[in-house]
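Enquirer: One letter stands for each residue in the lines below.
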Amino acid sequence: MSELIDALRAFEGRVIGPPTRALDAVNEPMIRHWCDAIDDRNPIYLDNDAAKANGHRGIVAPPTMLQAWSMRGLGGRTGATAQDDLLRLLDSHGFTSVVATNCDQEYMRYLEPGDRVTTTVTIEAVSDEKKTGLGVGHFVTTLQEYRDDAGEVVGTMRFRILKFAPQPKVEPRPQRPRPSITRDNAFWFEAAKQHQLLIQRCARCRQLRHPPGPMCPHCHSLEWDTVDASGRGAIYSFVVNHHPQVPAFDYPLVVAVIELEEGTRLVSNVIGIEAHDVEIGMPVVAEFVAFDDELTLPQFRPGLN
Amino acid sequence: MSDASDIGGRTAIVGIGATEFSKDSGRSELRLAVEATKAALDDAGIAPSEVDGMVTFTMDNNPEIEVARNLGMNDLKLFSRVHYGGGAGGGTILQAAMAVASGVCDVVVCYRAFNERSGHRFGIGVQDRPPAPNTENAHYAWYSPYGLVTPAQWVAMFARRYMHTYGATSEDFGRVAVADRFHASTNPAAWFFQQPITLEEHQASRWIVEPLHLLDCCQESDGAQALIITSRDRVKDSPNGGAIIEAAAQGASKGQEMMTSYYRDDMAGLPEMGLVARQLWATSSLTPADIQTAVIYDHFTPFVLCQLEEFGFCGRGEAKDFIKDEGIELGGRLPINTNGGQLGEAYIHGMNGIAEGVRQVRGNSVNQVPNVQYVLVTAGTGVPTSGLILGRDN
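Here the protein sequences line up with chains V and W, keeping their order.
So the first sequence is residues 1 to 305, counted in the working numbering.
So the second sequence is residues 1001 to 1394, counted in the working numbering.
Chain V with its partners taken away, still in its complex shape:
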């Protein structure tokens, strides 16, 4: 790691390529296009008289055009500069993604038509490895200096990028299969979200029943309420699933028929125990697990309470 840091640090202070002289001098048509494009109506950029009235010798260029005068476009890239070497070095260490993070410009004077800008780019700083929201990476700051033909610095720009290792996309765990919710079973799943293990009870003959249904099979009443189960029960039967594997679950997966102490049975998972230690008759107790925003279910763990 420190080897990389040393190699990166060696780039600091290196000049990227030869100085680049602008292909065109600062000129009124390009100023007009710029102002039109960004809808800047400041008269000192467009009107000689107004510029003079503001103490200029004539029309001046918007300072933010600084970089535009000497930009080469795609055709000007050689791939052979120190910056290219630096980026390739970072790529080779897994920092393959890039994002621009800062751009600070400083202006010494207004540029006027006729000025011809020459740009020099220096790698100013390469940071240590930083943890960011995007991932781990290094910040690279370049300093661009813009000079006129007299050699005077007319402006500078510090441009910072982050070269980072893209974080492996963490696929959200697939959700457990959704229960089909009907008017007959919705109460049970709603209660489960509140960590209540309900058993449907006939409001007339008081018989408990599970899975729930609209009518009491004993007295045929359509009226029902619920009782809050203690959560204590015993394993009546169980299986250990190996194949096929549904992505929402960990395997081997223990699924059991639990006989609750109230007398009804239900199917659930047995957790907190190795699959080969599960036995019929083993006492278990319910706890609730919220698998996602929609689904909370009871799970059963060996124990008495």
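Derived by calculation from the structure, the hints in this document are not laboratory data.
Since the structure is predicted, the reported quantities are computational estimates derived from the model, not experimental observations.
All the pointers check out, no bait thrown in.
Beta-carbon label-pair distances, calculated as ranges: (1) W:K1038 <-> V:E279: 52 to 58 angstroms; (2) V:L304 <-> W:N1134: 36 to 42 angstroms; (3) W:G1331 <-> V:E274: 39 to 45 angstroms; (4) W:I1065 <-> V:D250: 43 to 49 angstroms; (5) V:D225 <-> W:L1199: 49 to 55 angstroms; (6) W:P1133 <-> V:V285: 27 to 33 angstroms; (7) W:I1124 <-> V:R204: 41 to 47 angstroms; (8) V:R301 <-> W:I1124: 25 to 31 angstroms; (9) V:V285 <-> W:S1102: 56 to 62 angstroms; (10) V:R301 <-> W:N1371: 56 to 62 angstroms.
Computed list of chain W residues with no C-beta within reach of chain V, every gap over 12 angstroms: (11) T1058; (12) L1078; (13) V1104; (14) T1169; (15) E1201; (16) A1252; (17) R1359.
Beta carbons are placed, not taken as given, at the ideal position from N, Cα and C, and that holds for glycine.
Chain V is fixed; fit chain W onto it per the hints.
Expert: Same frame as chain V, now just chain W:
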């Protein structure tokens, strides 16, 4: 007031026809259906134009009218479907037998056709079942969110309780697989032709869902089977003979669920199959001693043991001893699944087992049991189910 005995012995299966059994048919399910139906009609010496009734499974994707249209059939006076997966097999024959015995129909085709291996595989389960709010989907709400999603898993829950209750072992289940594969090994139509297995291989096969090994589980298959049902008096005109439908019955019992009847007092039996058994014995006036061979639905081996008990071939919990001591292979007391069953021949939702029952009655099974008078054929277990007794036309 009529009862099931009204149909006993009055109708017959006079034609059987199937496609090859494969893992990838390369053809549409409809084509499989019409191929099998045409083959069955040819076997029966009956023209498609004579068919006036058709019965299949609600799970089948080939509408009766599409099969009829492709075969150039004429007027259909009965079209009926039976629900609950593999439990429907004998139920389709019951529907056909009732239609013929009552005079509604003269010739009924029962068929099942699917690409169950190359197309939608049942074995992957219901985890993708859309949670549309209806009662059949809501049934799975008590199982799927816990990862209990496949037929093997649903059955394994019973198997574990059965083992606990009666002391049966995985090897006891394995003997069913060994018998099936032994019979398949001599059946050229079987997927596992010439591939018998040993009990050691059964024990060494990987877990699918404990306590079920891979070799406890039936195949997934592409294929189709059709059967032709008509009145008993036409058997004498049938070029290949027929099998009398001595009895046919369906059964769904108290507390019945689709594969998950976990809430009854006892989880170590199949009361719906007991109900089928009582009806079959009552209708036919036969007893287990009268049965020379049987096709016992074998999507998963443990329920074969339960069925032997529900039909009274042995007492409760004694199937493991019956299998070991009396024998379920050729030469044993009750050779079962002489076609290789669904573990060995193919999984055509049990309809291929009915065809094997017909062959045993006709006397032309590749694993023919001597002196067959009556054959028992059962349908899917763990679900509302059905069964048949087929007999010789003496």
